[in-house]
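Student: Between the sequences and the hints, there should be enough to build the whole structure, so can you do that?
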Amino acid sequence: MNKKTSFNWLGAIQIGLIGGVVALLVSLIGMVEEFSQRDIISGVITMGQTLIVIAILMAGYFAASRAAGEAATMRAISGALAGLVASALLTGLVVIIPPLNLRSIFPNASPALINILTFNQETVVGILYLLITGAVVGTLGGLIDILPAQIRRSVVLALFWVGLLGLLQELIRVTLTNMPQVGAALKWMFGSRGLSIPGAVAVFIVVAGGNYLWAARGGQVQDRFRALPPTQRRASQWGGALVVIAVLLYLPRILGPYLSEVANIVGLFILAGLGLNIVVGFAGLLDLGYVAFYAIGAYVMGVLTTNAIGQNAGQIVFGPEFSFWQALPIAVGAAVLFGVLLGIPVLKMRGDYLAIVTLGFGEIIRILALSDFLKPYIGGSQGIVEVGQGEIGNFVFGTPQTLYYMIFAACLLAVFISWRLRDSRPGRAWKALREDEDVAQAMGINLVATKLLAFATGAAFSGLSGAIFASKVGSIYPHSFNLLFSINVLALIIIGGMGSLPGVFVGALILAGLPELLREFAEYRLLMYGALLIVMMLTRPEGFWPEATHRRELHEEFGAEGEPRAEIVKTPGGAR
Amino acid sequence: MLRRTLERFTLTDLFMWLVGGSIILLVVVGSVATLRAGNYTARHWFDFVVFGIAQGSVYALIALGYTLVYGILRMINFAHSEVFMSGAFTGYFIANSMSRSGFLDRNPIIGLLAIFAVAITTSVTVAVLLERIAYRPLRRSPRLVPLITAIGASFFLQYTFRGLYGSQNRAYPEVDALDGAWSLGGEFVIQKIQVLVIVAAALFMFGLYMFVQRTRTGKAMRAVSEDKDTAALMGIDVDAIIVRTFILGAALAGAAGVLYALMFRQVNFFMGFIPGIKAFTAAVLGGIGNIPGAMLGGLFLGLFESVGPTLFLDGLGIPAPYQLKDVIAFTMLVLVLIYRPTGILGERLATAKA
Numbered sequence: 001m002n003k004k005t006s007f008n009w010l011g012a013i014q015i016g017l018i019g020g021v022v023a024l025l026v027s028l029i030g031m032v033e034e035f036s037q038r039d040i041i042s043g044v045i046t047m048g049q050t051l052i053v054i055a056i057l058m059a060g061y062f063a064a065s066r067a068a069g070e071a072a073t074m075r076a077i078s079g080a081l082a083g084l085v086a087s088a089l090l091t092g093l094v095v096i097i098p099p100l101n102l103r104s105i106f107p108n109a110s111p112a113l114i115n116i117l118t119f120n121q122e123t124v125v126g127i128l129y130l131l132i133t134g135a136v137v138g139t140l141g142g143l144i145d146i147l148p149a150q151i152r153r154s155v156v157l158a159l160f161w162v163g164l165l166g167l168l169q170e171l172i173r174v175t176l177t178n179m180p181q182v183g184a185a186l187k188w189m190f191g192s193r194g195l196s197i198p199g200a201v202a203v204f205i206v207v208a209g210g211n212y213l214w215a216a217r218g219g220q221v222q223d224r225f226r227a228l229p230p231t232q233r234r235a236s237q238w239g240g241a242l243v244v245i246a247v248l249l250y251l252p253r254i255l256g257p258y259l260s261e262v263a264n265i266v267g268l269f270i271l272a273g274l275g276l277n278i279v280v281g282f283a284g285l286l287d288l289g290y291v292a293f294y295a296i297g298a299y300v301m302g303v304l305t306t307n308a309i310g311q312n313a314g315q316i317v318f319g320p321e322f323s324f325w326q327a328l329p330i331a332v333g334a335a336v337l338f339g340v341l342l343g344i345p346v347l348k349m350r351g352d353y354l355a356i357v358t359l360g361f362g363e364i365i366r367i368l369a370l371s372d373f374l375k376p377y378i379g380g381s382q383g384i385v386e387v388g389q390g391e392i393g394n395f396v397f398g399t400p401q402t403l404y405y406m407i408f409a410a411c412l413l414a415v416f417i418s419w420r421l422r423d424s425r426p427g428r429a430w431k432a433l434r435e436d437e438d439v440a441q442a443m444g445i446n447l448v449a450t451k452l453l454a455f456a457t458g459a460a461f462s463g464l465s466g467a468i469f470a471s472k473v474g475s476i477y478p479h480s481f482n483l484l485f486s487i488n489v490l491a492l493i494i495i496g497g498m499g500s501l502p503g504v505f506v507g508a509l510i511l512a513g514l515p516e517l518l519r520e521f522a523e524y525r526l527l528m529y530g531a532l533l534i535v536m537m538l539t540r541p542e543g544f545w546p547e548a549t550h551r552r553e554l555h556e557e558f559g560a561e562g563e564p565r566a567e568i569v570k571t572p573g574g575a576r
Numbered sequence: 001m002l003r004r005t006l007e008r009f010t011l012t013d014l015f016m017w018l019v020g021g022s023i024i025l026l027v028v029v030g031s032v033a034t035l036r037a038g039n040y041t042a043r044h045w046f047d048f049v050v051f052g053i054a055q056g057s058v059y060a061l062i063a064l065g066y067t068l069v070y071g072i073l074r075m076i077n078f079a080h081s082e083v084f085m086s087g088a089f090t091g092y093f094i095a096n097s098m099s100r101s102g103f104l105d106r107n108p109i110i111g112l113l114a115i116f117a118v119a120i121t122t123s124v125t126v127a128v129l130l131e132r133i134a135y136r137p138l139r140r141s142p143r144l145v146p147l148i149t150a151i152g153a154s155f156f157l158q159y160t161f162r163g164l165y166g167s168q169n170r171a172y173p174e175v176d177a178l179d180g181a182w183s184l185g186g187e188f189v190i191q192k193i194q195v196l197v198i199v200a201a202a203l204f205m206f207g208l209y210m211f212v213q214r215t216r217t218g219k220a221m222r223a224v225s226e227d228k229d230t231a232a233l234m235g236i237d238v239d240a241i242i243v244r245t246f247i248l249g250a251a252l253a254g255a256a257g258v259l260y261a262l263m264f265r266q267v268n269f270f271m272g273f274i275p276g277i278k279a280f281t282a283a284v285l286g287g288i289g290n291i292p293g294a295m296l297g298g299l300f301l302g303l304f305e306s307v308g309p310t311l312f313l314d315g316l317g318i319p320a321p322y323q324l325k326d327v328i329a330f331t332m333l334v335l336v337l338i339y340r341p342t343g344i345l346g347e348r349l350a351t352a353k354a
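Residue numbers (this note's numbering), protein chains in the order written: chain A, 1 to 576; chain B, 1 to 354.
Be careful, since some hints might not be right.
Stated by the list, open to error - One-sided excerpt, in silico: chain A residues whose CB lies under 7 Å from chain B:
(1) Leu-28
(2) Ile-29
(3) Phe-106
(4) Pro-345
(5) Gly-360
(6) Ile-367
(7) Phe-373
(8) Ile-417
(9) Trp-419
(10) Phe-521
(11) Ala-522
(12) Leu-526
Hints listed in this document are in silico derivations from the structure and should not be mistaken for laboratory results.
From the three backbone atoms N, C-alpha and C, an ideal C-beta is built for every residue, glycine too.
Tutor: Below, the structure written as structure tokens:
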């Protein structure tokens, strides 16, 4: 501790150490190496390096903001110090790995990792590079803290968009190549493995500038919108919704089969998410066995429509060969039935007990599906193959592009039902239940009916999703229905914002869409879900697109765009 | 009196009674059928029971972690199963290196103690970090928030260890001293490893019990679990006590991890999930928040799970009943929570919130 300035060096070092540990962890669990195949900016920085840069940048930023109140240079210096400490930890890794041969314990402590960390240089030169880069990045992090709030927000947003576009480079190019008009612009913007340097600069300037201007002037646009008479406002909202629907209807033609498939997966997650959103988001009943209804929908669809009956196809003896459309209502009905049946026993439970019991139910269903006991009926571990496909006349819902429309229609229906339910009597009853069960009951809400309706509606959506999933994949295996599915759906509605309908779409796009698009993500999918859940709960428990937004609009409580408005933190489960 | 009861008797109650009744009927019919068929000798049953007790003592050790944390924070530490896994998984590496150098076979006691030390240290570290990073900032949030955080932490830890140590199964080394079995006269034999597991678990549990009942920290823990705010007024550092509770639970989980690994000889990143859920079941079974309850619940569940599939299901003509042992455990969890959420020992904490 330096007495003259009384400056908190130890704080900066501490934060640098934390940043370094994070960077170490990210390296040792293999993310850095795995993600190095993809460039954010072609030939300049890979995604793996970006991870480490982010860790050090954050360390610099926090170190600088801890020194708040000091002169700007001191803050920048403490950022640099934190960055230096963090990268020093990483150099430790570089020094230790080769002589000790840690690979028998840490499979990811490979020479390739060292090469990435030392920029493919000799050890000594590489360490020097690493330390210098760490200090520079830390300083940059400190500088971000020094910037005025609005500019900082714009810069961070712009960096985020550069990263996102760099990541999705392949996707954007594949999608847009059949549009010759934009071909030249694409070539200019994207390099072989990521954004090109001018492209990155352009994206940065456009996003940062646009965001800054919007923050300065956007309020006027919103004011004008809110000044409209209610009829016109509603009309323009409906108009907006119709445009979105029209674009979505046209989407599979642009996307092509692969991306349509991704869209379908996202769609099925949206459908399941909308269901769980009713149970968890609206009614506040934490259900961890949600996969059970998805499995029941899928299995009913499979058993009723499979063509593979008899000795040559496993041991399934029951197969009345319904058509898809005949089986669909039965599948949804079965899911609803189970929703009610599993709902009755847990009527009196709350919070964590409910979570554990539903988790138990989900596991029971999965183990039963896997067991030899039920094998003659539902195929055991061999599953069910040749599940029927839906058709209308000659139009078969078989390819991703055609299935897209079925899933789209199902999502539309589910959104409509959720939306109408939310603002109706049962919806308000659910919210009352969520806020305080005892008070809700005292106000005359029938707890049994309200809870069972939530479970039944949620199960219906999930069953529908499962039934379409079975038909889409064409085969059912018990392994598809494990706890991870429930966690996946739960994570997506929490990320999006519990109880928020647009939040379900945001969550599904991020949590189901991104891992499908970026193969590297798939490996670390659950790791990131876990981290996201923790970070969300710590910093923004209301989600990315919280439910209360519309309420705030009504109350005219608008802050700057994108500003987290923490004064209304809506989280269900207030019941004790 | 009867009329009042009848008036309150709803359709859902009827449904619950029917479910409960049919499960009891199934269990009775199955057991009678199995025993009458006589496919299993006394020796089989003895083996089932011993295995059940050994398995149950491991469950009990893990369950204590759930119960301790629950007693103090009123939250289910969903990530406790990963604390257990981290200890066992890290212990593997020292066990493996000692086994390859021959040290473990020459000095089995020192070797085993070293494995325990490494495993417990790892588990404690993970648990302390978990508490500091994920749980402490959320102490005053609505109940659902820490629970979701715990679920997130559970997956984060699972896949962090998968990334760190790889995704394949690792086989725990054999310890010569623990190989083989002792004869108890007649056809009854008992595996040495099972004896070790039972004795070690009993020692750990006794140690914990004495700690909680006899030491100053234990007293403070009980005070905090009774009433946090009053305890703070009495000069108890609540945060420090909570950390110590996590440390205690994690130490037991780390020890349980090694015992589990020695018994089942395999570790991987996903190994914590099923024992974790079962241990939670055990904690609830005994009455969550209640320390002797967790021990009792663990033993009970272990026995049930080991004897149950054969006893209940074999007689019903269900093929491969052992596949369904987890179903039995989960069904028990559900039944206990539905019909007796206070557990066997009826901790009153549970009535206040279940």
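Student: Take the hints in turn and mark each one as holding or not.
Tutor: Now for the hints, and whether the structure bears them out:
| no. | hint | result |
| --- | --- | --- |
| 1 | Leu-28 | holds (6 Å) |
| 2 | Ile-29 | holds (3 Å) |
| 3 | Phe-106 | holds (6 Å) |
| 4 | Pro-345 | holds (5 Å) |
| 5 | Gly-360 | holds (4 Å) |
| 6 | Ile-367 | holds (5 Å) |
| 7 | Phe-373 | holds (5 Å) |
| 8 | Ile-417 | violated (24 Å) |
| 9 | Trp-419 | violated (24 Å) |
| 10 | Phe-521 | violated (12 Å) |
| 11 | Ala-522 | violated (12 Å) |
| 12 | Leu-526 | holds (5 Å) |
In summary, the numbered hints that this structure violates are 8, 9, 10, 11.
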